[in-house]
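Heads up: the protein sequence lines correspond to chains B and X, in order. Take the first sequence: its position 66, counting from 1, is numbered 66 in this note's numbering, and each next residue is one higher. Take the second sequence: its position 190, counting from 1, is numbered 190 in this note's numbering, and each next residue is one higher.
Calculated from the structure, these hints are not laboratory results. Among the hints, erroneous ones may be present.
For identical chains, the list gives no copy identity; a pair is met inside one copy or between any two copies.
[Claimed, not checked] In silico DMTMM-like pairs for lysine to aspartate or glutamate, Cα to Cα no more than 25 Å straight-line:
1. 253 to 149
2. 257 to 236
3. 257 to 127
4. 253 to 130
5. 82 to 130
6. 257 to 229
7. 82 to 149
The lines below spell out each chain.
Number of protein chains: 2
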Amino acid sequence: MNIAVIGLGIIGGSYCKTIKKHTNHHVIGVNRSAEVAERALSDGAVDEIGTAESLGKADLIILCMYPGACIDYISANGKYIKKGAIVTDSSGIKRAICPQLEELSREFGFVFIGSHPMAGKEKNGYEVSDDSLFDGASFIITPCGAPPERVEQLSDFALSIGFGTVKITTPEEHDRMIAFTSQLPHVLACSYVLSPSCPNHDGFSAGSYRDVSRVANINSKLWSELFLENREPLIEELDILIKNITNIIDSIKNNDKAALEELLEQGHLVKQRLGE
Amino acid sequence: MNIAVIGLGIIGGSYCKTIKKHTNHHVIGVNRSAEVAERALSDGAVDEIGTAESLGKADLIILCMYPGACIDYISANGKYIKKGAIVTDSSGIKRAICPQLEELSREFGFVFIGSHPMAGKEKNGYEVSDDSLFDGASFIITPCGAPPERVEQLSDFALSIGFGTVKITTPEEHDRMIAFTSQLPHVLACSYVLSPSCPNHDGFSAGSYRDVSRVANINSKLWSELFLENREPLIEELDILIKNITNIIDSIKNNDKAALEELLEQGHLVKQRLGE
C-alpha cells in the first residue's frame with residue numbers, strides 16, 4: 001500500500017516509524033513544517049515527503065492532527081483523494097468530527113473510518129515519536145457506516161503494525177469511555193500539581209506522586225479542544241469524581257473510620273475484580 | 001550490627017532482604033505469624049526468628065507495623081530494648097506517633113529517630129517484598145531530638161542499603177508534604193475507580209488510566225488510619241484539589257476556552273519548571 005500520514009507529531013511520527021518497522025508499505029509524510037518532514041525522511045520514517053496533491057496515490061490516509069484541523073484539511077484537500085481510499089483519523093474525540101468526515105467521504109468518494117490509537121506520552125512532537133509506542137496498545141475503531149470489509153482491512157492493518165487489540169465501537173461509546181479513561185486523568189493531573197505543595201515535593205515523593213502528576217505536562221491547546229468537544233461526558237465523569245472525593249472528605253472530617261474504610265474498600269474491590 | 005525488624009510485611013520484608021543483600025548485618029525478624037517468619041528464614045531474608053525478648057541484642061530496631069501498633073508494641077516491650085539502641089519506625093505519618101515514641105525512648109533509655117522510606121507497591125504482604133524496593137528512593141528522617149551523631153548513623157545506614165537520598169525534616173513538615181505526595185493520590189485513585197465507567201475500561205484505556213488507578217488497590221484498614229491521623233493537612237490538600245478541579249469544570253461548563261487553556265497551561269508550567 002501507499003500510506004499517507006498527515007501531521008508528523010508524536011502520533012504521526014510514530015505511525016510512520018512503526019509502519020516502516022513492521023511492513024513494506026510506502027509511506028508518504030505530509031507536514032506543515034518542512035524541517036520536521038526532512039528529518040523524518042532522513043530518519044527513514046517516511047519514503048517521501050508529500051503535499052496535498054500526493055493524496056491521489058494513497059490507499060490509506062491517516063490524519064494525525066488536532067480534531068478540528070482534520071475537518072479543515074479534508075474539506076480543502078478531499079478533491080485530491082483517490083476514490084475508495086480509506087481515510088482514518090487518530091483523534092481522541094469522535095462525535096465532534098466523525099459525522100463531518102463521514103459527510104466529506106460521501107462528497108469526495110473515499111471511505112472514512114474513525115480510529116483512535118490508545119497510546120501517547122506526556123511529551124509532544126516528532127522528536128518523541130517512536131516505533132514501539134503502539135506495541136500491544138488498543139486500536140479503537142468507529143466504523144461510521146463504512147463497509148465491514150474495509151473496517152476489517154483497517155483492523156488487520158492495525159494488528160500488522162503491532163497493536164495488541166482492536167475495539168470496535170460507536171462515537172458515543174468512545175467519547176463516554178475516553179472521558180473516563182483519558183480526559184479525567186488529565187484534568188486530575190493538572191489540578192493536582194496546582195497545589196502550592198507541589199514545587200516542594202522532591203524528597204517527599206515516590207511512585208504515587210509520579211503517576212498522578214505525569215500527564216500534567218500537558219499540551220494545553222490540544223487538550224482544551226478535546227475537553228470542550230467532549231463536554232457532556234466529561235462533565236458527567238467530573239461530577240461523579242467530585243462526589244466520590246467529597247464522600248471521602250466527609251468521612252475524614254467526621255472522623256468516621258467505618259465509613260472511610262468502607263469507601264476505600266470499595267475502590268480496592270473494583271481493582272481486585274478487574275484483576276489489576 | 002544486630003538489626004531487629006518488627007513486622008514482616010512488604011516494608012519489613014523488603015528491609016530484611018535489602019539489608020542482607022547490601023551488608024553483613026545480622027537480621028532478626030519478629031512477626032506475629034510464625035509462618036511468614038519461617039518463610040523469611042528459609043528465604044535467607046532473616047538470620048534468625050526473634051521474639052520481644054530478642055530486642056535486647058539489637059543495635060537497631062526497625063518498626064514496620066501500623067502506626068498505632070508501633071506505640072503499643074514499644075509500650076509493652078520497651079523494657080527489653082538495649083540502652084542506647086536506635087529505634088526507628090517506617091510510618092507514613094509522624095506527628096501522631098513521634099511524640100509518644102520519643103517519650104517511650106526516655107522511659108526505656110533507647111534513642112528514637114522517626115523515619116519513612118518513600119517506597120511502596122500497590123500490593124501488601126511479605127510475598128511482594130523485595131530487595132530492590134528502596135533502590136534510589138528517598139529516606140525521610142524526623143530526628144525528634146535524637147543526638148546528631150545517631151541521626152547520621154541512621155542516615156549512613158539508609159544510604160548503605162541503597163536509598164538514594166536522605167531528607168531530614170520535622171514531623172509537621174513531613175505530614176504536610178505526605179498529605180500531598182502520597183495520601184492525595186490514594187484518595188484520588190479510590191474516588192476515580194468508583195465511576196460506573198471503570199469496570200468497562202478495557203480496550204479504551206492506556207497509560208493515564210493505569211497510572212491514576214494504580215494505587216486504588218488499597219489496604220483500606222491501614223490507609224484509613226493514616227488518613228485520620230493526618231486529617232488537617234489532608235483535608236487542606238483535598239480542599240485545594242476540589243477547588244482546582246472545580247475551576248476546570250467551570251471553564252468547561254462555560255465553554256470558556258481561554259480560561260481552560262490558561263488553567264491547563266499552569267499545570268504544564270509547574271511540571272516544566274520541575275523538569276519532569
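Evaluated hints:
no., hint, verdict
1, 253 to 149, "neither (58 Å within a copy, 40 Å between copies)"
2, 257 to 236, "between (29 Å within a copy, 19 Å between copies)"
3, 257 to 127, "neither (49 Å within a copy, 28 Å between copies)"
4, 253 to 130, "neither (47 Å within a copy, 36 Å between copies)"
5, 82 to 130, "neither (29 Å within a copy, 58 Å between copies)"
6, 257 to 229, "between (41 Å within a copy, 11 Å between copies)"
7, 82 to 149, "within (18 Å within a copy, 78 Å between copies)"
Against the hints set out earlier in the document, violations occur for numbers 1, 3, 4, 5.
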